[in-house]
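Residue strings, one per chain:
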Amino acid sequence: MLTFISSLPGAIAQGAVWGIMAVGLYITYKILDLADLTVDGSFGTGGAVLVVCTAGGMNIFLSLLLALLAGCLAGLVTGIFHTKFGIPAILAGILTQLALYSVNLRVLGGKANQPLSVDKYNLLISLRNINKSLIVLAIFIAVIILVLYWFFGTELGHSLRATGCNQAMARANGINTSTNKIIGFVLSNGIVALSGGMLAQYQGFADVNMGRGAIVIGLAAIIIGEVAFGKLFKNFALKLLAAVFGGIIYYIVISFVLWLGLPANDLKLLSAIVVAFFLGIPYWKNKIAENRVKPVPGGDANA
Amino acid sequence: MLEIKNVYKTFNPGTINEKRALNGLNLTLNDGDFVTVIGGNGAGKSTMLNMVAGVYPVDSGSIIIDGADVTRLPEHKRAKYLGRVFQDPMMGTAADMWIEENMALASRRGQARGLKWAISKAEREQFKEMLRELDLGLENRLSAKVGLLSGGQRQALTLLMAVMKKPKLLLLDEHTAALDPKTAAKVLALSDKFIEEGHLTAMMVTHNMKDAIAHGNRLIMMNNGQIILDVSGEEKKKLTVEYLLEAFTKLSGSEFANDRALLS
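Those protein sequence lines, which keep their order, are chains A and B.
The opening position of the first sequence corresponds to residue 1 in our numbering, with each subsequent residue numbered one higher.
The opening position of the second sequence corresponds to residue 304 in our numbering, with each subsequent residue numbered one higher.
Since the hints were derived computationally from the structure, they do not count as laboratory data.
Where hints are given, some of them may not hold.
These stretches of chain A come out as covered by chain B in the derived footprint (C-beta under 8 Å, 3 or more residues) [unchecked claim]:
| # | region |
| --- | --- |
| 1 | 143-157 |
| 2 | 166-179 |
Computed cross-link-like contacts, DSS-like style, restricted to lysine-lysine with a CA-CA straight-line distance of at most 27 Å [as the list claims (entries may be wrong)]:
| # | chain 1 | residue 1 | chain 2 | residue 2 |
| --- | --- | --- | --- | --- |
| 3 | A | Lys30 | B | Lys419 |
| 4 | B | Lys541 | B | Lys489 |
| 5 | B | Lys419 | A | Lys231 |
| 6 | B | Lys424 | A | Lys234 |
| 7 | A | Lys285 | B | Lys419 |
| 8 | B | Lys380 | A | Lys84 |
| 9 | A | Lys234 | A | Lys30 |
| 10 | A | Lys239 | B | Lys424 |
| 11 | B | Lys322 | B | Lys553 |
| 12 | B | Lys489 | B | Lys471 |
| 13 | A | Lys234 | B | Lys380 |
| 14 | A | Lys234 | B | Lys448 |
| 15 | B | Lys553 | A | Lys239 |
The C-beta atom is built at its ideal place from N, Cα and C for all residues, glycine as well.
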């Protein structure tokens, strides 16, 4: 039990990094109602860009900014695939994600992974100093949530929300739904890449596969956050925070099952199963509600 | 105010489902015209409204609103000229957004949307006043999700949103068809009120012949994607349902076939 408890701070830090990712995913998945698989690629892009820039001697904040912009660019590509090529959102995301695998390899100089030692560079977070990491992450999360809260309260933010909610209504009110979807993809993947850059710092390396399954973890975080805090958190900022908490809970659960003895190789299998079940819950709830419809009182004679 | 010139539209051309919806349609609306549109199933009534709104492109012909040729403009760019209310009460509002947020969206129809805060305090007060006029008790529910409202309330709100920024042309596409008779009457009365007070030019598709006669200053009847009858002024006031049915049989050479119109 002690080993599990001692692993908690690390799990929380890692969960918080993925929580940032979940906040990014929230924009496409919840607000635009699109499943964007680009994130599996753009998360790694963020990590790769950060490591290469920082290792090249660039200031860490500037590196993070570039990581974010690289993610935005990835989102722009998916947005264009979706709105200008007419490709369904899921497929558009898969295409970009596939392309990004090559891009990420190129960024990493053809190597599958590249180290970034906290001893050599001035990193913001690292698993070698978890307390400091937690503080830095808390600040980042607060700033990101505040910025998004502001953005989605603006005219443009409202038009994004309307686009995700009712496209016919949005267009009837003069909203260019294609542009708004592109903005959503750009914003979302920027934040996802930023969190990739954070993870690369935290673990001390970037790996071309670091984003594989990111969408599943992000969805898990969003769904866990909703299930756990949905009744409590009604405000938009709090809903985003719930996604971060969802990420943290997810990683606490992961370290718990690892502590129980689950082989690390089986983690993704477990994640996929858990997320599938959680995605199924609303559907099953409906089914159960339908089956509960009472027969006509008095039986068939009255029907 | 509106000119529809020789517009053709065929859906699914070259397939077994080919359907010629508009067949050389011509219509000119004068400033302040309130036209009711009737016709059988598939006559092209809704298609005409959708063509004006730019939901899908025309095959040929042109559409001119307030002197501007909008034939090639996409739907969201034509929105600045148009207020629209749809048959489906769910379609005209964003269910997950608040009443005031929906109204704020509508109040900026046709304007660029930037990074200004979406609703100002002054606007909130204005919205309250406007809602009070609807007399549906919505004025104290500004931050209720629209999805929680009844169909009638949503339709009344959609109507308000369509006119709160004065449109050049108001398009009402069977906007009371999905409502119960009492609510429908209320929404119709509201439509009359808004059109009169705002001196709006409006087109209202309806399946209810009595409504078509009782409202507006002009009535057009459509069949096979064309206008077969166009009555206005004093002549319109004298119309009866029987006359319209007879006229239809005579002009189209067939019985008036609209599953709902005959019952009403």
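A quick look at each hint next to the structure:
Counting residues of the region 143-157 of chain A whose beta carbon lies closer than 8 Å to any beta carbon of chain B gives 6, which reaches the threshold of three, so the coverage claim holds. Counting residues of the region 166-179 of chain A whose beta carbon lies closer than 8 Å to any beta carbon of chain B gives 11, which meets the minimum of three for the stated coverage. A distance of roughly 23 Å separates the Cα atoms of lysine 30(A) and lysine 419(B); the hinted pair therefore holds under the 27 Å criterion. Distance restraint check for lysine 541(B) and lysine 489(B): the Cα-Cα separation of roughly 24 Å lies within the 27 Å cut-off, and the hinted pair is therefore satisfied.
Note on lysine 419(B) and lysine 231(A): the hinted pairing is violated, with a Cα-Cα distance of about 30 Å set against a maximum of 27 Å. For the suggested pair lysine 424(B) and lysine 234(A), the alpha carbons sit about 22 Å apart, so the restraint of at most 27 Å is met. As the CA atoms of lysine 285(A) and lysine 419(B) are separated by approximately 40 Å, the hinted pair breaks the 27 Å bound. For the hint linking lysine 380(B) to lysine 84(A), the alpha-carbon distance of about 17 Å falls within 27 Å, and the restraint holds.
Restraint check for lysine 234(A) and lysine 30(A): the C-alpha separation of about 14 Å stays at or below 27 Å, so the hint holds. For the given pair, lysine 239(A) sits about 25 Å from lysine 424(B) by alpha-carbon distance, which is consistent with the 27 Å threshold. In summary, the hint linking lysine 322(B) to lysine 553(B) is supported, as the alpha carbons are separated by about 24 Å, within the 27 Å threshold. Distance check on the hinted pair: lysine 489(B) and lysine 471(B) sit about 24 Å apart at the alpha-carbon level, within 27 Å; holds.
At most 27 Å may separate the alpha-carbon atoms for a hinted pair to count; lysine 234(A) and lysine 380(B) exceed this at roughly 34 Å. As the CA atoms of lysine 234(A) and lysine 448(B) are separated by approximately 12 Å, the hinted pair is consistent with the 27 Å bound. The straight-line distance between the Cα atoms of lysine 553(B) and lysine 239(A) is roughly 63 Å, outside the 27 Å bound, and the hint therefore fails.
The structure fails to meet hints 5, 7, 13, 15 from the earlier list, while all remaining hints are met.
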